[in-house]
Amino acid sequence: MSQIDSKPRVALFVTCLVDLFRPSVGFAAIKLMEDAGCVVEVPEAQVCCGQPAYNSGDRNDTAAIAKQVIEVFEDYDYVVAPSGSCGGMIKDHYPALFAAEPDWQRRAEDLSGRMHELTSFLVDVLKIQSVQTAPQDVKITYHDSCSGLRELGVKAQPRALLESVQGLELVEMQTPETCCGFGGTFCVKYGEISTDIVSRKTADINATGADLLLAGDMGCLLNMAGKLKREGSPVQVRHVAEVLAGMTDLPAIGESSLGESK
Amino acid sequence: MSSSRDRIFATLRSGLKHTVNDPARPEAVAERIARRTPNLVPQRAQIPHAEQVALFTAKVEALTVTVDSVPAEQDVPGKVAEYLAQHNLPSQLRVAPDPLLENLPWGDRPMLQVDYGHGRSQDLVSVTPAFAGIAETGTLMLHSSTTTPTTLHFVPDHHIVVMKESQITGSLEDAFARLRDKLGTADKTAAENWPRTVNFVTGPSRTADIEGVPVLGAHGPRRLHIVLIADGTP
Amino acid sequence: MSMQITAQNFEANAAKALKDPNLRKAMQIIGGPMASRRVETARELPEFEALRDEGVKIKNHVLKHIDLYLEKFEQQLTARGGKLHWCRTPREARETILALCRSRNAKLVTKGKSMVTEEIGLNAFLEEHGITPVETDLGEYIIQLAHEPPSHIIGPALHKTREQVAELFEDHHPDYELPNMPGVKAGPRSTEPQVLVTEARQVLRDRYFQADVGITGANFLIAETGATVIVTNEGNGDLTQSLPKMHIAVSSIEKVIPNLEDLSTILRILARSATGQEMSCYTTLSCGPKRPEDKDGPEEFHVVLLDNGRSEMLGTALEPLLRCIRCGACMNNCPVYHSVGGHAYGWVYPGPIGAALDPHMIGLETARHLPNASTFCGKCEEVCPMRIPLPDVMRWWREQAHEKQITPPLQRWGIEAWAFAAKHPWLYRLGAGIAIGLLNMLGKDKGRLASLPLAGGWTDGRDFPAPQSASTFMSQYKSKQGAAR
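Residue numbers (the working numbering), protein chains in the order written: chain P, 6 to 267; chain G, -2 to 231; chain L, 2 to 486.
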């Protein structure tokens, strides 16, 4: 019993895009953290981190949303998101929202200290070196999502974990750190530019000869998958958590089970 | 004083509202300007003099600068003549009226037509001294003076620099320190005696303005040649 | 009357740029070799990151005492025989320069590269007043012949192909004769860059000697000595400033630094960040007119210092922008810039620095697209030698636009409606459930949608991946939890 008591109590911050578009990523994240010895909970009152409002210049609404998030996640040892973007929002930007409200700023800083991106949490906090999953014979390439990379320093962690999966071969892109052009509302507001940026990305992805593209953020993944599918590329697209958790039985992003199962 | 000046300063000072009246500011600024401690000098510059010479040579050569090492001053005219022959150049030299160059035994090479003065449009080859060579980047430091007109550094197609190994320093800061030492006099600071121009020259003139293709010889010298006199360590 | 502003048409400019094959070629050069040379030279200097920190410290220190440093600079410059002209507005700067040129009865003015003279629209103004300005930086010269503004602050003509340059030279140099072949007109041009560079060298050479006044910019102003500093590769700036009788250096107030040690530090990061060189070919400190005993150099030396709103940035969210040393690394590394090029931004300073600076200089309403047209990927801040938080400044502009209701109503209402839902979890869940059910139904067969109402910006160029299932993670999780109990 005492061993169970000492298990870290972790809240999963699901993120909007996982909630809406890719529930399997949420379940994969839970599995990975439970395998690593955590007690994982998913607070029901959670919504969005507020980033769309923040990046649209709506600071008041952002602060209001942030207060909700801070309250919901107050009682957990750690808060983990399968996203560098939402994770970065909470970890990097929340404290600055409350320069005029010291009490909230303190609470925001407290949350910031407990907030982690999934792969970074596994490797940097839990000191996990490898994941327990069946061999997967596939050539992968990895896109470093901007916020995870530049705000949270996520670069080596997903690669270290992927290396522990037998059979995976990582082929790096020429510029894995270059933005895919998603950019939140940018991808719709400046769709032509966004499409142009992602077409440079897909050229880089295709040139690797990889079968599977991975990344840690649903926004980028939806964008790159959408472009790859439009181009008719055979490259499949998944969130890194799905592969690490061995949960690749569901269709890849932008693909259907119907065609394949029939 | 113009009103524009006053208005610019008024806006600046209102932007500094919290600190503008701090009486310590003028002194802090004076101290900062007078500070001679370098901020951060790369390790690569902090090496013994012999290594600085080697690094300088390697750096300039990587920039397509050619270097002739000679044991003594009297060997310079011969090397200059060789350079002209190699590049099919007429034997006319426009030379800086500097004591180092004036005292070279040009007479040993009677073919060479040497005249002294600033750079003119018809001059194809100039010969000048340098004030220092900076090892960390292969940069020459030259400055204007009565005996070293600036136009010689930029107008001719070929710029030949005659300098001594002892003039090679490690870093930019070392070179500035030497220049301050040279310029400072009993009654005037180095700043008060500051020359009209100080030129740092790192390789021959170049451009990449057409499709990013590097091309040498844009507007300044197409070639830069250094005759280095091996006078040892200063 | 300064450079023509088209920033308000950013979307149309960008759409045009996306279809311009020559621009796309140029952008490959900027995003490819230029960006990677920066990485290589930085890697070869282990102290590069620490030097960036030193650079930031220097500039931050100066900004705390900028009034005193400018006073000291003025005092030193004046003591060396130079003259300082303070100009609050582009108009004042133009008038000042014109008056100086007229005092020399100038007909021909050579110009080294200067972004501030672009900012004040100097060339058109001089031409209107009967003075011919000739740009001498090769890139600037090419775009001057083409009557275009620069598309990049250090590679102003990179959007021109060699064929276009050859054509411009054929049109504008009808009398050009082949080198060493007097009397032989050049005729149809070779498109070899080397040959074209030789032609420009030849043509401009005469101009340097004919010019009455030489105008350059200045990257730095040194308080210790009163010197201005230019950094070039071609040597054109030095010829421009040492051959005519008058040298005017046009610069702006934030360029002052304390002393030569500080110059040394910043030079180490400037060229590396800009072109990936360790040092640019020519770095020149200029300080006053020719000394009585000098054999060459200008008889008069003037420094025109422009404010144009910079002083107002002090003590605001925009203050970090005053650290900028105009290296261009932010644009060389910007994915949006790589797609649309410099002209799309519609004013002098393009790319991330322009997106942060232009709204202040030309007005937020005019420039409102610029801070919005960013993915916030953060690469600009990563490469900025002065560590300017460019995305934060762009976000600050978005906040201003939101507050002042400059953001288009539809966008504002959209984000407010969404925010309302996000503040009411039950509403959010309801909306999410409905949307996801709908999208899943539409896209189930293929796993994606080829078009989507209101999201044409996405689906014109990409498919829209359908949700994995008809229910959200939260509802699936809840039913699982229920089943487990």
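Bear in mind the hints are in silico, worked out from the structure with no lab data behind them. Some hints here could point you the wrong way.
[What the hints assert, rightly or not] From the derived model, a few chain L residues whose C-beta atoms are all more than 10 Å from chain P: (1) 26; (2) 55; (3) 200; (4) 207; (5) 292; (6) 300; (7) 337; (8) 341; (9) 456; (10) 468; (11) 469; (12) 485.
[What the hints assert, rightly or not] Dumping the calculated DSS-like pairs for lysine-lysine here, alpha-carbon to alpha-carbon at most 25 Å: (13) G/179 with G/161; (14) L/424 with L/445; (15) P/12 with L/479; (16) L/84 with G/185; (17) L/17 with L/108; (18) G/161 with G/76; (19) L/65 with G/14; (20) P/194 with L/108; (21) L/479 with P/36; (22) P/72 with L/424; (23) L/481 with P/12; (24) G/179 with L/481; (25) L/424 with L/479; (26) L/84 with L/186; (27) L/479 with G/185; (28) G/14 with L/84; (29) P/194 with L/481; (30) L/296 with P/36; (31) P/194 with L/20; (32) L/405 with P/194.
[As the list claims (entries may be wrong)] Covered, in the sense of this in silico footprint (three residues per stretch, anywhere, with C-beta under 8 Å from a C-beta of chain P), are these stretches of chain L: (33) 70 to 83; (34) 93 to 104; (35) 262 to 276; (36) 366 to 377; (37) 423 to 433.
Remember, it's a predicted structure, so these values are computed and weren't measured experimentally. By construction, the Cβ of each residue, glycine as well, lies at the ideal position given by its N, Cα and C atoms.
Worksheet entry | Structure versus earlier hints - violations, ascending order | 7, 8, 9, 10, 11, 14, 17, 20, 24, 26, 27, 28, 29, 30, 33, 34, 35
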